[in-house]
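**Student:** Keeping their order, the protein sequence lines are chains W and E.
Just so you know, we're using my numbering here: the first sequence kicks off at 1 and counts up by one.
Just so you know, we're using my numbering here: the second sequence kicks off at 1001 and counts up by one.
Some hints could be false.
[Stated by the list, open to error] So, partial list: chain E residues that the calculated Cβ filter (under 8 Å) puts toward chain W:
| hint | residue |
| --- | --- |
| 1 | Leu1017 |
| 2 | Val1023 |
| 3 | Tyr1044 |
| 4 | Asn1071 |
| 5 | Val1076 |
[Said to hold, decoys possible] Computed cross-link-like contacts, PhoX-like style, restricted to lysine-lysine with a CA-CA straight-line distance of at most 20 Å:
| hint | chain 1 | residue 1 | chain 2 | residue 2 |
| --- | --- | --- | --- | --- |
| 6 | W | Lys152 | W | Lys166 |
| 7 | W | Lys102 | W | Lys86 |
| 8 | W | Lys173 | W | Lys157 |
| 9 | E | Lys1073 | W | Lys157 |
| 10 | W | Lys173 | W | Lys86 |
| 11 | E | Lys1073 | W | Lys166 |
[What the hints assert, rightly or not] Restraint ranges, calculated between C-beta atoms of paired labels, are given here:
| hint | chain 1 | residue 1 | chain 2 | residue 2 | range |
| --- | --- | --- | --- | --- | --- |
| 12 | E | Gly1039 | W | Glu92 | 19 to 27 Å |
| 13 | E | Arg1009 | W | Val180 | 23 to 31 Å |
| 14 | W | His153 | E | Ala1084 | 32 to 40 Å |
It should be emphasised that the hints constitute simulated quantities derived from the structure, not laboratory data.
Glycine is no exception: its CB is placed at the ideal position from the N, C-alpha and C atoms.
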Amino acid sequence: MVLVEESRQEAGVYDKEAKLEHRELSDGTTDRTSELEEMLTGNMLLLQALLIALTKKGLVTLEKVDEMLAATNPPRYENGARIVAKAWLDAEFRSRLVNDAKTTLRELGFALNRTPKLVVLENTEFVRNVIVCTLCSCYPYELLGNPPWWYKHDSYKQEIITSPTKTLEEMFKLTVPANVELHVYDSTSDIRYMVLPRRPERTEGMNEEMLASLVTQESLIGVGDPLKAAIVQSK
Amino acid sequence: MGGFVVSQRVRVKTENLGPNRRVPDYVRGRLGVVFRVHGAVPDYSHDHSEDWGPLYSVLFGSTQAPDSHSNEKVIVDIHESWLADATT
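The shape of chain E in the complex, shown without the other chains (with noise of 0.2 Å):
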């Protein structure tokens, strides 16, 4: 786990045990890219007040509406503990 980079693919754990619950449901469990690496956001203090770790925004491909278009993407920010590597 860790240090992944941009292009990497990546899936979204679908429950993880701490304090950090920003993750949508949508993305849980699902394959997606990752698109922009943050690294440590520093002044958190918003959202939380211990250190979460890097964050990274991650792409993904349409969502599962039956309509949708394969030109929509959704890009969501997740922290590094939400993420496990998928390259293979």
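The shape of chain W in the complex, shown without the other chains (with noise of 0.2 Å):
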């Protein structure tokens, strides 16, 4: 190994840092990098110098600029879980939601100009929904953000079809009893779905933010529940 590294390094190929052989690449990339890093520099430090300028004007605050750039962060599946955590304790909005998912997420601030249209699919004692998209990945990512990484994978999209009940089971750990009818959504379209699902069990006066805390990500796709109430209060 060292008498690897001492040749390299003899011929000029070896990062000292980084340990590894520094290749020269033909095809430009090294000089786009060195551009782009350039740049990247070049604008840093104008950015730098912008904000000192207007924090010392009292243009605005550094407090601000946080929280400006917060609402520009990615939407996460702790949108849907607020959303559930309200459909829980409002059963006029559940209903408005349900009936109307788009109109009436828009009333709360979403955007969702890139979804054509949003059904919230509500749980029920004897009717369980569980959403896959087996032509691609179509999830309401504006809503939740990325979905888990299984839901991409064939194996989940193959199964949850053929033998839905099995697969819950097997690769979630999620029994549905017979008397349950499971409803497997295959997001083929225009439609981009999500799970309501239903409120666990003695969590009679928690408030929006702890109901909140027992919505998972799977549940949101219908391969799981919320947490059981014990569960979060321990925490």
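Build the complex: two chains, separate frames, hints provided.
**Tutor:** The structure is reproduced here in structure tokens:
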């Protein structure tokens, strides 16, 4: 190993810092990379200078900048958790959400400009809904961010369609009683789906924030249940 | 063809000339029931750039797997041009 390193060092193709062979890329990548690095450094300096000038003049505070940055953050499944918690607490909101999710959520400030139609599927005592996209990986990205890794995996796509009960049992340790109808939605076209799971027992008196903390990403896809109240309270 | 209503029996065509390919193989040629009527979905730019007509959620019974349970249903979103009436 040492010999290899030494001979590479002699040949001038060894990067001491990274302990890697230093390759000259012939396709212009090296040039483009250093060009981009130069631009980035320049922009960072410019941004710093601008921020200093703006804060010194009292036109903006650093807190305000952080706040604005946070507002541009990508969506996460916690959006869905909050919506579910609100629906558990407010029957009128829940019925509007189930009837016309897009309009209802736009009122809450979700733009959903790239979501053609959004449907919220309510789980009941007798129906459990599960979402998949067998043709690609349609998912309400704009509302919930990226799906979990297995959502895009062929094994999930195939097995949830051919034997959903078995798949939920084996992949997700979720037992569906025989008297519950399983509705597997294959999101093949313009509609994006989110599941509204059932409210767990013994959560009376919990506020929206506490309820939202029970809602998992898996429960919004329908392959899991929300956490039990005791688990969160003991945290 | 056209104007399907909830609970109507429909058969998915096995093939359909045109740009709309978004029907999974496992339902092509199969009988299903209209479960939900969506009409033409506006802002459809994600999958296609032209109007594909009214969209339906169609419910299919248990899949072909021998061990599948009767309480298992698959619901697929299919445009009208892929569906034919199968009432009789």
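**Student:** Run every hint past the structure and note whether it holds.
**Tutor:** To see whether the hints hold, each was checked on the structure:
{"no.": "1", "hint": "Leu1017", "result": "18 Å, violated"}
{"no.": "2", "hint": "Val1023", "result": "7 Å, holds"}
{"no.": "3", "hint": "Tyr1044", "result": "5 Å, holds"}
{"no.": "4", "hint": "Asn1071", "result": "5 Å, holds"}
{"no.": "5", "hint": "Val1076", "result": "5 Å, holds"}
{"no.": "6", "hint": "W:Lys152 / W:Lys166", "result": "19 Å, holds"}
{"no.": "7", "hint": "W:Lys102 / W:Lys86", "result": "15 Å, holds"}
{"no.": "8", "hint": "W:Lys173 / W:Lys157", "result": "17 Å, holds"}
{"no.": "9", "hint": "E:Lys1073 / W:Lys157", "result": "15 Å, holds"}
{"no.": "10", "hint": "W:Lys173 / W:Lys86", "result": "27 Å, violated"}
{"no.": "11", "hint": "E:Lys1073 / W:Lys166", "result": "14 Å, holds"}
{"no.": "12", "hint": "E:Gly1039 / W:Glu92: 19 to 27 Å", "result": "25 Å, holds"}
{"no.": "13", "hint": "E:Arg1009 / W:Val180: 23 to 31 Å", "result": "25 Å, holds"}
{"no.": "14", "hint": "W:His153 / E:Ala1084: 32 to 40 Å", "result": "34 Å, holds"}
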